[in-house]
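Peer 1: Work the whole structure out from these sequences, hints included.
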Amino acid sequence: MKQQIQDVGDVRIISLSGKITIGAGDVMLRELINDSLEAGHTKILLDLGGISAIDSSGIGEMVASYTSAKNRGAQLKLVNLSKKINDILQVTQLITVFDVFDNQDEAVQGFQ
Amino acid sequence: MWVTLSLESRFESIEIAERALVDLLVGNGVGDDEQYWILTALREAIANAIRHGHREQAEESVRVDLRVNADQLSITVLDHGDGFDPSVIPDPRDAENILKPCGRGIFYMRRFMDDVAFRREPGGGTMVSMSRRLTARPIKE
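So the protein sequences, as listed, match chains S and L.
Throughout, our numbering is defined as the position within the first sequence, counted from one, plus 221.
Throughout, our numbering is defined as the position within the second sequence, counted from one, plus 206.
Hints were generated in silico from the structure; no laboratory data involved.
Glycine is no exception: its CB is placed at the ideal position from the N, C-alpha and C atoms.
Hints are supplied without guarantee of correctness; some may be wrong.
From chain L, some residues computed to sit far from chain S (all C-beta separations above 12 Å) [to be verified]: (1) I220; (2) E221; (3) L230; (4) L245; (5) E250; (6) Q263; (7) L284; (8) G311; (9) R326; (10) G331; (11) R338.
If you only want the chain L side, here are some residues facing chain S, beta carbon under 8 Å, derived [stated by the list, open to error]: (12) W208; (13) F217; (14) Y242; (15) R249; (16) F290; (17) V294; (18) I295; (19) P296; (20) P298; (21) N303; (22) P307; (23) R310; (24) R316; (25) R317.
Pair by pair, the computed Cβ-Cβ distance ranges are [said to hold, decoys possible]: (26) A226/L to Q314/S: 42 to 50 Å; (27) N292/S to I295/L: 22 to 30 Å; (28) R269/L to D320/S: 20 to 28 Å; (29) C308/L to D326/S: 48 to 56 Å; (30) V228/L to V248/S: 20 to 28 Å; (31) E252/S to R261/L: 20 to 28 Å; (32) R216/L to S303/S: 41 to 49 Å; (33) K304/S to P296/L: 43 to 51 Å; (34) M207/L to I226/S: 21 to 29 Å; (35) A301/L to D326/S: 29 to 37 Å; (36) S238/S to R326/L: 24 to 32 Å.
Peer 2: Structure representation (structure tokens):
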């Protein structure tokens, strides 16, 4: 998995590409979110547009990251979901948990 | 057509099984979408064998059989672990579970394959058997 980090105003945008799977991307995702929270960011946007696959461990890390952010008074939102990731969120009903946006501009506005 | 693999209990081994399964599926004309969901089920079964069955001890081997007969795909994954009771696996969609970071792997397997069965082997270990009729279609609602 590869990442690109950009701050737009007070929103930290973490753009990911590759796979979020057990033993690889899942750990990296956890570290990226934790580092952002430790640095004091309270508005974190995960751009999943470049993600080709996500397994149950990857989804689990997203859920754990959501909970970590919420417990610290921060927000974690998602943008640019592929159809397959959207399908996964639908079947697991996590679509009811995450705030999901179609593009970064809308998502950044969604934090205000 | 069939393939048998003996994999070290490392998560990197999952990629080897994925490549073998892709070759088998492409050879049988299975499209990208259907491949994706089947690969997800395979990944979860092997990950469970490595993490829970073998507690990530690399020297323990996971045996994977991939087989296509006509339009029927069969996958078995065998580990040497202590096993578990699949009937007590909670539904990850329930309100009390939805924010848990784990417990979705078997749910994925059951969702993306037609049949999933778990069997304790007489000599120890757990065999997961999964099957699916190969035909392009959406995932189960």
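Peer 1: Give a verdict on every hint.
Peer 2: So, going through the hints one by one against the coordinates:
| no. | hint | verdict |
| --- | --- | --- |
| 1 | I220 | violated (7 Å) |
| 2 | E221 | violated (9 Å) |
| 3 | L230 | holds (18 Å) |
| 4 | L245 | violated (8 Å) |
| 5 | E250 | violated (6 Å) |
| 6 | Q263 | holds (14 Å) |
| 7 | L284 | holds (19 Å) |
| 8 | G311 | violated (4 Å) |
| 9 | R326 | holds (23 Å) |
| 10 | G331 | holds (20 Å) |
| 11 | R338 | holds (16 Å) |
| 12 | W208 | violated (25 Å) |
| 13 | F217 | holds (3 Å) |
| 14 | Y242 | holds (6 Å) |
| 15 | R249 | holds (5 Å) |
| 16 | F290 | violated (16 Å) |
| 17 | V294 | violated (18 Å) |
| 18 | I295 | violated (12 Å) |
| 19 | P296 | violated (13 Å) |
| 20 | P298 | holds (6 Å) |
| 21 | N303 | violated (10 Å) |
| 22 | P307 | holds (4 Å) |
| 23 | R310 | holds (4 Å) |
| 24 | R316 | violated (11 Å) |
| 25 | R317 | holds (6 Å) |
| 26 | A226/L to Q314/S: 42 to 50 Å | violated (32 Å) |
| 27 | N292/S to I295/L: 22 to 30 Å | holds (27 Å) |
| 28 | R269/L to D320/S: 20 to 28 Å | violated (43 Å) |
| 29 | C308/L to D326/S: 48 to 56 Å | violated (34 Å) |
| 30 | V228/L to V248/S: 20 to 28 Å | holds (25 Å) |
| 31 | E252/S to R261/L: 20 to 28 Å | holds (23 Å) |
| 32 | R216/L to S303/S: 41 to 49 Å | violated (28 Å) |
| 33 | K304/S to P296/L: 43 to 51 Å | violated (28 Å) |
| 34 | M207/L to I226/S: 21 to 29 Å | violated (45 Å) |
| 35 | A301/L to D326/S: 29 to 37 Å | holds (33 Å) |
| 36 | S238/S to R326/L: 24 to 32 Å | violated (41 Å) |
Going down the numbered hints, you'll see the structure goes against 1, 2, 4, 5, 8, 12, 16, 17, 18, 19, 21, 24, 26, 28, 29, 32, 33, 34 and 36, while the others check out.
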